[in-house]
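> Could you build the full structure based on these sequences and the hints that come with them?
Read top to bottom, the protein sequences are chains Z and U. The first sequence begins at 1 in the numbering used here and counts up by one. The second sequence begins at 1 in the numbering used here and counts up by one.
Since no wrong hints were added, every one of them can be taken at face value.
A pair holds if it fits inside one copy or across any two, identical chains being indistinguishable in the list.
No more than 27 Å apart at the CA atoms, straight line, and that leaves these computed lysine-lysine pairs for BS3-like: (1) Lys284 - Lys142; (2) Lys142 - Lys286; (3) Lys119 - Lys284.
If you are wondering where the hints come from, they were derived from the structure by calculation, not from laboratory data.
Protein chains: 2
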Amino acid sequence: MPRILHVAAAQMGPNQRADSRTDILARMIELLDEAAGQGAQLVVFPELAFTTFFPRWLLQPGEVDGYFEPAMPNPQVAALFERARERRVGFYVGFAELAEGRRFNTSITVGPDGRTLGKYRKVHLPGSVEPRPGDRFQQLEKRYFDYGDLGFPAFWGPAEWHDPVLGMLVCNDRRWPEAWRCYGLQGIELMLIGYNSAAYDPNGGTSENEALRTFHSTLAVQANAYMNATWAVSVAKAGNEDGSGLIGGSCIVDPNGTVVAQATTLGDEVLVAAIDLDACRQGKEKMFNFAAHRRPQHYRAIVDQIGAVLPPRPATTDERRSA
Amino acid sequence: MPRILHVAAAQMGPNQRADSRTDILARMIELLDEAAGQGAQLVVFPELAFTTFFPRWLLQPGEVDGYFEPAMPNPQVAALFERARERRVGFYVGFAELAEGRRFNTSITVGPDGRTLGKYRKVHLPGSVEPRPGDRFQQLEKRYFDYGDLGFPAFWGPAEWHDPVLGMLVCNDRRWPEAWRCYGLQGIELMLIGYNSAAYDPNGGTSENEALRTFHSTLAVQANAYMNATWAVSVAKAGNEDGSGLIGGSCIVDPNGTVVAQATTLGDEVLVAAIDLDACRQGKEKMFNFAAHRRPQHYRAIVDQIGAVLPPRPATTDERRSA
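Following this line, the structure appears as structure tokens:
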């Protein structure tokens with residue numbers, strides 16, 4: 001018998017710096033209502049869903065504080081939690097977490113009863129600590145956030161969702177196969193991802209545009225879903241946010257890596273799909289039966305090294321180079 | 001100044017069991033000539049290029065021996081090596097290697113001077129040791145081959161190729177991100193892959209067909225090329241081989257994961273592309289600057305575990321399940 005879960009991607013258009021929290025909450029509740037109206041049991045919101053993507057700016061310490069949530073839930077977001085519990089809808093949401101003086105780029109998944117099922121803190125912080133001189137756009141996540149310290153903790157969804165094994169990533173994490181594999185090794189059946197991805201290269205490169213960046217985003221989710229035999233819901237905050245472009249392309253991807261639904265706008269947009277969690281089984285039992293086919297004795301470099309180390313040059317090359 | 005290398009995918013149609021080695025060599029030389037005529041400096045042939053894909057059958061020990069090469073080169077393949085050296089073309093080729101009683105699914109890359117630049121032995125052997133009772137098709141690589149014992153050894157190409165850092169995989173390896181990452185951690189700029197992939201699920205699953213299997217093959221190469229900022233040339237033996245279908249879809253993929261050329265037939269077919277090895281630099285220096293962004297302290301499960309281990313169930317789930 002199939003294990004059907006109705007999931008939704010709740011893509012958000014931009015949150016301008018000047019937008020009030022009340023207005024942003026109202027949009028999120030509207031997206032939740034729309035998804036619930038289409039039968040969704042689990043709604044995925046973006047990374048840093050309650051605010052603008054503030055790491056694009058060099059801010060003063062006092063300015064930064066206002067973007068962080070000292071607790072979750074808290075009075076500023078309570079209306080979303082209440083509406084979700086009323087409708088018995090769970091959700092994933094990303095936010096800037098202030099935790100005893102430490103700051104994380106965090107996501108949580110809330111169950112249909114309002115209980116928090118899992119928490120994740122972004123491990124792969126992109127960007128830099130210091131602004132890059134002369135660059136129009138900055139990416140200062142390494143300045144404002146501590147590196148996630150929870151690893152990649154898979155967790156169980158409730159019985160009314162058919163007991164799925166769930167995982168969470170935040171934005172840039174989705175490009176790192178190590179992160180997916182750590183969840184794959186816990187048997188996950190559904191990966192939840194929120195992102196804010198620039199429509200230009202946020203690292204200062206010049207060869208990437210919006211179409212290519214959207215392609216990268218979808219490609220990474222498709223292949224890592226396939227290689228770990230899991231469903232994935234990957235959700236953008238999109239559009240022109242405070243003068244900086246963010247890609248859209250929110251998508252729901254099956255364990256074959258096939259896109260089953262994808263956003264077509266850069267605004268608030270809901271995608272809903274009925275997914276069969278048992279569609280993961282063929283991959284997990286056959287091609288990606290890890291116990292049968294993985295060879296960790298050859299993977300040591302993945303944990304023993306951080307950066308790339310070129311192989312030794314053959315003598316002939318050395319001689320030629322030094323000649 | 002760009003570092004341009006002209007590479008070719010030399011997709012092969014089927015090698016029937018009844019085909020003579022002379023006939024197969026003649027086809028390979030024709031493909032090599034065609035690629036060289038289009039300017040190719042490096043030609044990639046498939047996995048087990050000199051024979052039919054014999055692991056689909058349960059064979060007697062005496063029958064198996066005939067598929068293995070006791071040395072490389074050897075008189076049965078010398079004509080290919082000679083023609084390549086005459087034309088100053090290098091090549092990747094896959095073959096069944098007999099090495100002091102051990103048997104590997106091996107590939108080598110030969111330089112334009114005929115010297116072997118690198119050797120790789122397939123780490124991710126798919127299939128089973130014993131035939132699956134009742135299944136029409138078998139996949140017995142685990143029976144006929146020892147697991148590769150060389151790890152993932154990147155190596156340098158010659159100066160006339162602009163000193164590229166090269167890597168090799170064989171078939172199923174391309175679906176395993178650990179293998180790509182071990183090469184990525186050596187700074188590879190060009191991955192060479194040969195494959196024989198069934199047009200049905202060789203593991204006995206029932207939900208995969210030729211189109212989906214070809215999609216998987218291309219997707220895995222695209223995303224892993226992107227996530228390791230490397231070029232890739234991935235080459236099939238394709239078509240109806242001794243009554244079993246093999247997918248085609250040979251492709252040349254850039255460091256953005258974009259397919260720049262792809263085969264359209266299931267027969268002998270040559271693709272040639274001029275690739276700029278420096279196109280890897282943006283990825284290696286920005287998004288996938290491993291030294292800046294990887295967090296190996298959180299990747300331990302990749303080497304500490306082989307198979308998947310589910311997370312602990314919350315008490316409520318346990319109680320419900322046992323109720």
